[in-house]
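Engineer: Chain residues, written in single-letter form:
Number of protein chains: 2
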Amino acid sequence: MTVPDAGSRFPAREWEAFIGRALIAVGMPESDARSVAHLMTLADLRGADGHGIFRLPQYVRRIRAGGINLQPQIQVVTESGAAALVDGDNGMGHLVMRFAAQVAITKAEAAGVGWVGVRRSNHAGPAALYAMMPLERDMIGVYLAVGNANHMAPWGGTEKLLSTNPIAVAVPALEEPAVVLDMATSVVAYGRVKLAAQRGEQMPDGWMLDYRGRPLTDPARAEDGILLPIGGYKGYGLSLVFGLLAGILNGAACGRSTVDFNKDDVMPTNTGHVIVALKIDTFTPLKSFKGAVDGFIKDIRSSPKMEGVDRIGIPGERSHATLLDRRANGIPMPRALQASLRRLAGELGIEFV
Amino acid sequence: MTVPDAGSRFPAREWEAFIGRALIAVGMPESDARSVAHLMTLADLRGADGHGIFRLPQYVRRIRAGGINLQPQIQVVTESGAAALVDGDNGMGHLVMRFAAQVAITKAEAAGVGWVGVRRSNHAGPAALYAMMPLERDMIGVYLAVGNANHMAPWGGTEKLLSTNPIAVAVPALEEPAVVLDMATSVVAYGRVKLAAQRGEQMPDGWMLDYRGRPLTDPARAEDGILLPIGGYKGYGLSLVFGLLAGILNGAACGRSTVDFNKDDVMPTNTGHVIVALKIDTFTPLKSFKGAVDGFIKDIRSSPKMEGVDRIGIPGERSHATLLDRRANGIPMPRALQASLRRLAGELGIEFV
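In order, the protein sequence lines correspond to chains S and X.
The opening residue of the first sequence carries number 73 in this note's numbering; numbering runs sequentially from there.
The opening residue of the second sequence carries number 73 in this note's numbering; numbering runs sequentially from there.
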């Protein structure tokens, strides 16, 4: 929640409207632009600062380069009672994933669970956004994805064959905010490395290795290094199986076919995702389940703390607090980002926030 | 694959027959005993040495104490098209999970995916056994469970409210062995701590903390410590959401209701699991999928290695090699275990292996 060069705060409504104007200016149909702007703003409201408006210049660049299909035929290409494969037709990832989540929810409504694989999508922002969609229907959501750039190597290897493939799981509670886990399978997200570089800070040991296996702590040399997986070979294993489930199973990119979308604005990324919706009352009455989740959260929060620890956190709790704060008080925008977005607004001939 | 006090090797058939005799001797119906013996032996064949015959004395103790129902009515209690809740009626976990996996496979055959939650089960051995069951039908398997003893605390806390809740994922390949990830959400499994204690060795930093948050390296003091989750708060988050999915969603034990089955032989453990079966050809033609998995495995295995690394492993590869070795040459049994099982055989009045 800390902003390095804390600039001004902007109301979410104006923030969202600006994103919409920018996307419309580069040719996105108005209703699609509004949907994407809404989800990107939600990312920023929840504090996923590397996944919201921060990405707008990159999205605009890719759209202008023809790397995103602005008139995609997003559709189910194969399906059975509770499973489906969605083809995103190289549309914006947000639109593809919103569609896929709806399919999963509809399947789960009828069959108890819906598992939807996605191919030919694009970067869709934070994993939590999609895992949380089933919450609106009192369902549990699980999301997996293949990332859009490889920053990890197999355990013991030096070739970047794996992305930091994330998982998100969202579980509703009664009075507590939903439990929302959203994590990369690397020790830190690559965004933290870029942030350290921007700030001219060194990285701690344990984030990255160089190609000879030595700790790499200078973020300016990050291109020459690999991010470490959580738990060593365990995080490698998680990234690998998430890649199989979200990528290869869906005919999406994974491994050497992954397109680094930071370096290439044109080649379709063929991004793969999975969204699972799970209908709670197939297993347990909804209200007693939510009450039990509250109970577990309270047990955890009130349990004894280690010396020096103020509060035991629950996954998603901080993002929820950020959402409430930013909805009430606006979303902060660092000065550097503000300058870059003002420039973008100028280029597109639209009004800034 | 190393055996500390390498005793003799025994053929799997005799090994399995001995387990069967022991279970029959304590009153398990013959066909159930054979099924459990088969799965326990499979655990040993695959090198999950802490989860096979090693557990037999404990299982026998619990059965004799009345802590396991030998005549369980294992059944689906609620279901929809693709999801079901199985009640294990406090039967042996192996029987309950074999039943649940069959339900998941049958659902997936019809609906593309089957998600089966389980309650009132018991310790069922290694996670991989059940994740691998869908492989026989060319399906992907995913397994989650709540462990039978709490060894982890919430991140920043000192109360053991969480088990090292494991995940297993099994994905078939074409010519390569299936990819089988089987991992606890802790840095190491508690079995490794017990092994260090047995051998009188110290543990490295990073396995456990004491209640004040200081590294705990003496395994004799393990009772006073907590196992560290992989990736710090990330592994805590994974353990928590797996507990919600495998435990609370199914009305099974989780958190303070977890029964430590190492200390209590009588109280039903109400163990919760999840097994998911996923029909591959809903998404991608089976053969091309398996070929693509092979391709990814080959890319990884042939990729450049760090200095000092001989081979880049694939999850499940070592267990598969162990299986081939032990099927051909017998399963090794450390002398201490052999002594304890000979004693058990004497007590039960049955022949040893």
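Check before you lean on any hint, since a few could be wrong.
[Claimed, not checked] A few chain X positions that, by computed beta-carbon distances, are all more than 10 angstroms from chain S:
| # | residue |
| --- | --- |
| 1 | Gln145 |
| 2 | Thr150 |
| 3 | Glu151 |
| 4 | Ser152 |
| 5 | Ile177 |
| 6 | Val185 |
| 7 | Thr230 |
| 8 | Glu247 |
| 9 | Asp290 |
| 10 | Gly303 |
| 11 | Tyr305 |
| 12 | Lys306 |
| 13 | Ile320 |
| 14 | Asn322 |
| 15 | Pro406 |
| 16 | Leu420 |
[To be verified] To give an idea of the interface, some chain S residues facing chain X are shown, with a C-beta separation under 8 angstroms as derived from the structure:
| # | residue |
| --- | --- |
| 17 | Phe82 |
| 18 | Ala84 |
| 19 | Gln147 |
| 20 | Val148 |
| 21 | Ser152 |
| 22 | Gly153 |
| 23 | Asp161 |
| 24 | Pro226 |
| 25 | Met255 |
| 26 | Val265 |
| 27 | Leu267 |
| 28 | Gly323 |
| 29 | Pro376 |
| 30 | Pro387 |
| 31 | Glu389 |
What the hints contain is simulated information worked out from the structure, not anything from laboratory work.
Quick caveat, the model's predicted, so the values are computed rather than measured.
From the three backbone atoms N, C-alpha and C, an ideal C-beta is built for every residue, glycine too.
Engineer: Does each hint fit the structure? Answer for all of them.
Structural biologist: Results for each hint:
1. Chain S leaves glutamine 145 of chain X outside its interface by the beta-carbon criterion, the shortest separation being 19 angstroms against a cut-off of 10 angstroms.
2. With a cut of 10 angstroms on Cβ distances, threonine 150 of chain X falls inside the contact zone with chain S, its closest approach being about 6 angstroms.
3. At roughly 7 angstroms, the least C-beta separation between glutamate 151 of chain X and chain S is not larger than 10 angstroms, which violates its mark as non-interface.
4. The beta carbon of serine 152 of chain X sits about 3 angstroms from the closest Cβ of chain S, which is not more than 10 angstroms, so the claim that it is off the interface is violated.
5. Its beta-carbon lying about 14 angstroms from the closest one in chain S, isoleucine 177 of chain X satisfies the requirement of being farther than 10 angstroms from that chain.
6. Non-interface status of valine 185 of chain X relative to chain S is broken: a Cβ of that chain comes within 10 angstroms, the nearest being about 4 angstroms off.
7. In this structure threonine 230 of chain X is not separated from chain S by more than 10 angstroms, as the shortest Cβ-Cβ distance comes to only about 5 angstroms.
8. Consistency note on glutamate 247 of chain X: stated as away from chain S, and its beta-carbon is indeed over 10 angstroms from all of that chain's, at 16 angstroms minimum.
9. With a minimum CB-CB distance of about 19 angstroms to chain S, aspartate 290 of chain X clears the 10 angstroms threshold, and the non-interface call stands.
10. Distance check on glycine 303 of chain X: its Cβ comes as close as 3 angstroms (rounded) to a Cβ of chain S, failing to clear the 10 angstroms threshold; non-interface status is violated.
11. The claim that tyrosine 305 of chain X is not at the interface with chain S is violated, since a C-beta of that chain comes within 10 angstroms of its own (minimum 7 angstroms).
12. A Cβ of chain S approaches the Cβ of lysine 306 of chain X within 10 angstroms, the least distance being about 5 angstroms, so the stated non-interface status is violated.
13. Not every CB of chain S lies more than 10 angstroms from the CB of isoleucine 320 of chain X, the least distance being 5 angstroms, so the non-interface label is violated.
14. Distance check on asparagine 322 of chain X: its Cβ comes as close as 6 angstroms (rounded) to a Cβ of chain S, failing to clear the 10 angstroms threshold; non-interface status is violated.
15. No beta-carbon of chain S comes within 10 angstroms of the beta-carbon of proline 406 of chain X; the shortest separation is about 25 angstroms.
16. Residue placement check: leucine 420 of chain X keeps its beta carbon more than 10 angstroms from all beta carbons of chain S (closest about 38 angstroms).
17. Proximity of phenylalanine 82 of chain S to chain X is violated relative to the hint, the smallest CB-CB distance being about 30 angstroms (cut-off 8 angstroms).
18. Hint status for alanine 84 of chain S relative to chain X: violated, with the closest Cβ pair at about 27 angstroms, above 8 angstroms.
19. For glutamine 147 of chain S, the interface hint is violated, the least distance from its beta-carbon to any beta-carbon of chain X being 15 angstroms, above 8 angstroms.
20. Nearest Cβ of chain X to the Cβ of valine 148 of chain S: about 11 angstroms, over the 8 angstroms cut. The hint is violated.
21. Hint status for serine 152 of chain S relative to chain X: holds, with the closest Cβ pair at about 3 angstroms, below 8 angstroms.
22. Checking glycine 153 of chain S against chain X: minimum C-beta separation of about 4 angstroms stays under 8 angstroms; hint holds.
23. Interface restraint check for aspartate 161 of chain S: the shortest CB-CB distance to chain X comes to about 17 angstroms, outside 8 angstroms, so the restraint is violated.
24. Taken as an interface hint, proline 226 of chain S checks out: its beta carbon lies about 5 angstroms from the nearest beta carbon of chain X, inside 8 angstroms.
25. Checking methionine 255 of chain S against chain X: minimum C-beta separation of about 5 angstroms stays under 8 angstroms; hint holds.
26. Hint on valine 265 of chain S is violated. Least Cβ distance to chain X is approximately 16 angstroms, over the 8 angstroms limit.
27. Look at leucine 267 of chain S: its Cβ only gets to about 18 angstroms from chain X, farther than 8 angstroms, so that hint breaks.
28. Proximity of glycine 323 of chain S to chain X holds as hinted, the smallest CB-CB distance being about 6 angstroms (cut-off 8 angstroms).
29. Annotation: proline 376 of chain S was flagged as interfacial toward chain X, and the flag holds, the nearest CB pair being 5 angstroms apart, inside 8 angstroms.
30. At about 4 angstroms, the closest approach between the beta carbon of proline 387 of chain S and any beta carbon in chain X falls short of 8 angstroms, and the interface hint on this residue holds.
31. Of the supplied interface hints, the one on glutamate 389 of chain S is violated, with its beta-carbon coming no nearer than about 11 angstroms to a beta-carbon of chain X, more than 8 angstroms.
The structure is inconsistent with the numbered hints 2, 3, 4, 6, 7, 10, 11, 12, 13, 14, 17, 18, 19, 20, 23, 26, 27 and 31, although it conforms to all the rest.
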